[in-house]
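Protein chains in written order, with this note's numbering: chain A, 1 to 228; chain B, 1001 to 1228; chain C, 2001 to 2236; chain D, 3001 to 3236.
One or more hints might be untrue.
[Claimed, not checked] Pairs of lysine to any residue, SDA-like flavour, derived with a Cα cap of 20 angstroms:
#	chain 1	residue 1	chain 2	residue 2
1	D	3186	C	2139
2	C	2134	B	1067
3	D	3134	A	170
4	B	1067	C	2224
[Unchecked claim] Calculated from the model, a selection of chain B residues having no Cβ within reach of chain D, i.e. all distances over 10 angstroms:
#	residue
5	1044
6	1051
7	1094
8	1098
9	1101
10	1117
11	1201
Source of the hints: derived by calculation from the structure; they are not laboratory data. If you're wondering where the values come from, they're calculated on a predicted model, not measured in any experiment. Virtual Cβ for every residue (Gly too), placed ideally from N, Cα, C.
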Amino acid sequence: MSNPGQEMIGWAREDIARNIALDIPDGSIVNLGIGIPELVAACIPKDREVIFHTENGLLGMGPPPHKGKEDPDLINAGKRYVTTIPGASYFHHADSFAMIRGGHIDICVLGAMQVSQTGDLANWSMGSADATPAVGGAMDLVAGVETIFVATTHCTRDGQPKLVRACTFPLTGVGVVRRIYTDLAVIDVTARSLEVVRLAPGIDFDYVQQRTEAELTMVENPGVEKTA
Amino acid sequence: MSNPGQEMIGWAREDIARNIALDIPDGSIVNLGIGIPELVAACIPKDREVIFHTENGLLGMGPPPHKGKEDPDLINAGKRYVTTIPGASYFHHADSFAMIRGGHIDICVLGAMQVSQTGDLANWSMGSADATPAVGGAMDLVAGVETIFVATTHCTRDGQPKLVRACTFPLTGVGVVRRIYTDLAVIDVTARSLEVVRLAPGIDFDYVQQRTEAELTMVENPGVEKTA
Amino acid sequence: MINKQCQSPAEAVADIFDGATVLVGGFGAAGSPIELIHALIDQGASDLVVVNNNTGSGHVGLAALIEQGRVARMICSFPRTAGSTVFPDKYQAGEIDLELVPQGTLAERIRAGGAGIPAFYTPTSVGTELAEGKETRIFSGREYVMEHGLTADFALIKCSRADRLGNLVYSKTARNFSPVMAMAAKTTIVQADSIVAVGDIDPEVIVTPGVFVDRVVAVSDAQQESALLAAGVSYP
Amino acid sequence: MINKQCQSPAEAVADIFDGATVLVGGFGAAGSPIELIHALIDQGASDLVVVNNNTGSGHVGLAALIEQGRVARMICSFPRTAGSTVFPDKYQAGEIDLELVPQGTLAERIRAGGAGIPAFYTPTSVGTELAEGKETRIFSGREYVMEHGLTADFALIKCSRADRLGNLVYSKTARNFSPVMAMAAKTTIVQADSIVAVGDIDPEVIVTPGVFVDRVVAVSDAQQESALLAAGVSYP
């Protein structure tokens, strides 16, 4: 039994990214959001060919350029400089979102402000009146991509749970999240519950549940984890 | 006064095409239907630059190829071999009809089975049960192109009028025709009537009216014809 | 590694099932994937719903598939071709159904299907018998018809160059419906005049990105429908 | 003869009127037609409705147009940029209106406008506050929101190469919204890195056919927004 007051150390940001990368099958077309999701690309196992889509009109996005090789015409959705891999292609925004909305992107990894126990995602607005709202492509991605992974710290910086019974922030999409990767656990959104399928080293179930507003269950046989 | 039984000679097919060509302003983007409309391209005055669109995905269609130079991958909407002019571009069918439906084609010249006095066009089906219906792009063209010219013989081969009070054949579009070019006259569809703006040499108004079911009027000053 | 290459048209079409909806590229003979269609004839699937602008010519390609009685329904804009009686004969005999769709509406319905748009409004066909029974609606004082996105189980298309990732470029007006059909099918099968190395096609000129393509097969000596017609060939 | 070339950005934007709706190409700095926007600032039109994915950076380009108080309303998906406070400040002060649209819906609305589609249904934003007040409808058991096509009086876009007929090709991800914006404006104005002879651009690789373009102006030494920001430039 863990002590609620004691902070245990879970996975680092790079570990979260690696956990996600290992769940991405060879041959997948993947869109990565900003933040931890961006780290996933570098963690894909060498024997898998995964192609990255960025919604501003590029399929076959490569790693960041070397210093001095930045091209202002070659950026990703986060407006960072990127490169292309052989076999890349450019297209306009309507075609890019036809890929997304039409179900042609296999997996999207997004950050989150909140995820509900039924898979609702809130990641675009705190709902405060004094902020400028900005949505970007998040609503299109969750509506169009079959498999939505969330990469996030388990709690906010001030310790508030992000996995909640119902989102209090404005929604990005309803019932869209498939699997949540945090610093403490890997958690599937199932028809019945949020089901912990894997715990970070040294972290136990109770410790995770104490930091989660939504009710968690433990997968029956965590040793035989199936990938999403 | 003409004698109703006496057949007078009007314009030939090439004359009709030339009448149309002279009404196409420099710089126009034009789509030509099958039949007499196809003859228009060769009649454009040399000092005008007119660009031809064919709905199967080509802007900048040129004249037919020389014998032996036919390319099976380069055809027009009538499935005839064509060529391209410098500045041509290829695009897919959805983009091609975006041009049409979105109002980006200036003029379309079509054949007709019937035109009503309110500008309804029937040119795709005789409505007979034993025929195989085929519509092609005609309905898209009349819905999307601002200026629809009709090129047709004034009557059918067996002498039936094609300019009628109301079409009896299935419609291609409602109130879409702007100007009608026949072997006997050039006729505008106005809010009030079918108005004859020009008569073929040796043809008088009564002769045209006798071969027209719809009621015609004569433009007030046919010597000062305004182009469409 | 991603490798969408198949060794033969037969392998590429092997899993097309009875009753499948199949988008077939081409406008008349231009862009018609004749070898894939002939492989489908050999393969045997029947009760197909086929989407193509036309219904084929002579007794080869799509016309042959229809002639063999394998197509239950055609969705197309112009089911007539000079000198071809295969479809009209079947249609008059009540042996095949026809859904007649204006050409631009057909292209837009396929694009919508591929883009995740279930329905849209178009001015095309308003006031005509092709709008009968369809919902209409006024926007800014003009009447429009509601049309539905069109998706399919398979697409059979032809291109000039492809790579193993499924990136495609086409030849001239043989492009026609193929790029939107590639978007709208669960499984898009492509015959390519040639398959080139990944990276050989400039990223700026790729018309169909590989994300829309599932299988590519090289058919380096593709038959021309016009030559088959001139030779009086019937398939099989 | 068709010649869409203008001699200067000033000439190209001269007739943009107060209250006009203006589509502005670019995603962040990539593809932003800075010289055309600066010419529009000089020209003086106000009460503009501007459509762009963002709201500009620093105090140049679109951010400068907003800062000068010339934009009454923005239609965009992401009106925030790292280090830019121009739009948020105006917005919080109630000096500018915002219509927030999901990025894919924005692109599709513009394409629809250009393609003569007055409205369509999309799954994007269903169940969120951005769907509030919008008509929804079930197709095949799933809920969709109805969105309207978006057209404009003018589009200001940037491309890499153009010809006098208005045929355009773009550079990499600087393509983004520009091809659909070119379709949706009554008057599409293009700044091109270079203007080449008609026929110099391969017909197979033209992204925007000339039919969608009204004016082209060569800006051979276009400024890079990142360089202007680094230099701390404010326009004018």
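Hint-by-hint comparison with the structure:
1. D:3186 with C:2139: 19 angstroms, holds
2. C:2134 with B:1067: 47 angstroms, violated
3. D:3134 with A:170: Roughly 17 angstroms between the alpha carbons, so the hint for residue 3134 of chain D and residue 170 of chain A holds.
4. B:1067 with C:2224: Holds. Residue 1067 of chain B to residue 2224 of chain C sits at ~18 angstroms (cutoff 20 angstroms).
5. 1044: The assertion about residue 1044 of chain B holds, with a minimum of 13 angstroms to chain D.
6. 1051: Its Cβ does come within 10 angstroms of chain D, the nearest being 7 angstroms, so this is violated.
7. 1094: 8 angstroms, violated
8. 1098: 4 angstroms, violated
9. 1101: Given a closest Cβ separation of 3 angstroms, the condition is violated.
10. 1117: It holds; residue 1117 of chain B is separated from chain D by about 27 angstroms at its closest Cβ, greater than 10 angstroms.
11. 1201: Fine: 32 angstroms to the nearest Cβ keeps residue 1201 of chain B off the interface.
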